[in-house]
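Given the sequences, and given the hints that come with them, work out the whole structure.
So the sequence shown is numbered by this note's numbering: it starts at 99 and just counts up by one.
Hints in this document: simulated from the structure, not taken from any laboratory. Every residue, glycine too, gets a C-beta built ideally from N, C-alpha and C. It is possible that some hints are incorrect.
Cut-off 27 Å, straight-line C-alpha distance, at most; resulting in silico cross-link-like pairs (DSS-like, lysine-lysine) [what the hints assert, rightly or not]:
hint: 1; residue 1: Lys150; residue 2: Lys174
hint: 2; residue 1: Lys101; residue 2: Lys150
hint: 3; residue 1: Lys101; residue 2: Lys298
hint: 4; residue 1: Lys282; residue 2: Lys174
hint: 5; residue 1: Lys224; residue 2: Lys282
hint: 6; residue 1: Lys101; residue 2: Lys174
hint: 7; residue 1: Lys174; residue 2: Lys104
hint: 8; residue 1: Lys104; residue 2: Lys150
hint: 9; residue 1: Lys313; residue 2: Lys298
hint: 10; residue 1: Lys275; residue 2: Lys101
hint: 11; residue 1: Lys224; residue 2: Lys298
hint: 12; residue 1: Lys313; residue 2: Lys150
hint: 13; residue 1: Lys298; residue 2: Lys275
hint: 14; residue 1: Lys275; residue 2: Lys224
hint: 15; residue 1: Lys104; residue 2: Lys313
hint: 16; residue 1: Lys101; residue 2: Lys282
hint: 17; residue 1: Lys282; residue 2: Lys298
Simulated DEER-style distance windows between Cβ atoms [what the hints assert, rightly or not]:
hint: 18; residue 1: Pro221; residue 2: Leu113; range: 21 to 27 Å
hint: 19; residue 1: Gly227; residue 2: Gly263; range: 19 to 25 Å
hint: 20; residue 1: Thr188; residue 2: Gly263; range: 16 to 22 Å
hint: 21; residue 1: Gly263; residue 2: His169; range: 26 to 32 Å
hint: 22; residue 1: Glu225; residue 2: Arg124; range: 29 to 35 Å
hint: 23; residue 1: Asn123; residue 2: Arg230; range: 35 to 41 Å
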Amino acid sequence: MLKTRKLTVHYGPLLALHEVTLEVNRGEMVSLIGPNRAGKTTLLLTLSGILKTSEGRILLEEEEIANLEPHRIVAKGIGHVPQGRHVFPTLSVTDNLMLGTYRRAHTEVDLRNGLGEIYGLFPVLKERGRQRAGTMSGGEQQMLAIGRALMGRPRILLLDEPSTGLAPSFYAEIFTKLGELNRKGLTLLIIDQEVRPLLKMAHRGYLMRNGRIIKEGPARILLEDPEVQTLY
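Spelled out as structure tokens, the structure:
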């Protein structure tokens, strides 16, 4: 569904990604792991069009999308849940969810169905519909950020550190919900420092270091890899 070919990105004169080649197949959950400053977040921001490529290709179902504007990439079916959640704190929970529909055509029935699906996945969001998003807990805000992205009906969802700052009970629930979404057919590419639960759930994984992919393979094999165990 999504693949990169020798993707290279610079921050000014600094090389951030060097010839990164990876792929995510339809229906897969793929993990992207590595130490801090390995280039993981840079890769997701590039896939979303927020950062521009220096060289290389990004293909969404064989369509070239490298360097398209971010709103066009969202419209083509890539959702992104950024690190730090970035909900709109002064808007209500419902209004945050509705903003997720901005780049796609929809009917009132479609909106009601979409909200119903999100409330089924995260019941607390229905309970807190009128509450300002900024007054919610970190775990609830993470659920909201995921729900907002899902309202855009993505074909593939990119998630950057969904467990950051959450208590173990909350990130366990987040991972459980992501597993449910994947089993229903949603394709996922996930960065997270909670490597053990992530690799236990994922189908495949990539290990990044210094802006390069240095290892790839089935997730459970990466989990037992000595280099991964040393890193984490």
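Verification of the supplied hints:
1. Between Lys150 and Lys174 the CA atoms are separated by roughly 17 Å; this keeps the pair inside 27 Å, and the hint holds.
2. Between Lys101 and Lys150, the direct Cα distance comes to roughly 16 Å. Compliance with the 27 Å bound is thereby established for this hinted pair.
3. Between the alpha carbons of Lys101 and Lys298 the distance comes to roughly 23 Å, so the proposed pair stays at or under 27 Å and holds.
4. Taking the CA atoms of Lys282 and Lys174, the gap is about 20 Å. The hint holds against a cut of 27 Å.
5. At roughly 21 Å between alpha-carbon atoms, Lys224 and Lys282 fall within 27 Å of each other, so this suggested pair holds.
6. Between Lys101 and Lys174 the CA atoms are separated by roughly 15 Å; this keeps the pair inside 27 Å, and the hint holds.
7. For the hint linking Lys174 to Lys104, the alpha-carbon distance of about 22 Å falls within 27 Å, and the restraint holds.
8. Proposed proximity of Lys104 and Lys150 is supported: the alpha carbons are some 14 Å apart, at most 27 Å.
9. Between Lys313 and Lys298 the alpha-carbon distance is near 17 Å, which keeps this suggested pair within the 27 Å criterion.
10. For a cut-off of 27 Å, the pair hint linking Lys275 to Lys101 stands: about 25 Å separates their Cα positions.
11. A distance of roughly 30 Å separates the Cα atoms of Lys224 and Lys298; the hinted pair therefore is violated under the 27 Å criterion.
12. Distance restraint check for Lys313 and Lys150: the Cα-Cα separation of roughly 24 Å lies within the 27 Å cut-off, and the hinted pair is therefore satisfied.
13. At most 27 Å may separate the alpha-carbon atoms for a hinted pair to count; Lys298 and Lys275 meet this at roughly 14 Å.
14. As the CA atoms of Lys275 and Lys224 are separated by approximately 16 Å, the hinted pair is consistent with the 27 Å bound.
15. For the suggested pair Lys104 and Lys313, the alpha carbons sit about 15 Å apart, so the restraint of at most 27 Å is met.
16. Restraint check: the Cα-Cα separation between Lys101 and Lys282 comes to about 22 Å, which is no more than 27 Å; the hinted pair holds.
17. For the hint pairing Lys282 with Lys298, the CA-to-CA distance comes to about 18 Å; that is within 27 Å, so the pair holds.
18. One distance hint, 21 to 27 Å for the beta-carbon pair Pro221 and Leu113, is violated here, with the actual separation near 45 Å.
19. The beta-carbon spacing between Gly227 and Gly263, approximately 24 Å, falls within the hinted interval of 19 to 25 Å.
20. At about 20 Å, the CB distance of Thr188 to Gly263 agrees with the hint of 16 to 22 Å.
21. For the pair Gly263 and His169, the supplied restraint of 26 to 32 Å holds, since their beta-carbon distance comes to about 28 Å.
22. In this structure the hint that Glu225 and Arg124 lie 29 to 35 Å apart at CB holds, the actual value being about 34 Å.
23. Asn123 and Arg230 have their C-beta atoms about 39 Å apart, which keeps the hinted 35 to 41 Å range intact.
The structure fails hints 11, 18 (numbered hints given earlier, in ascending order).
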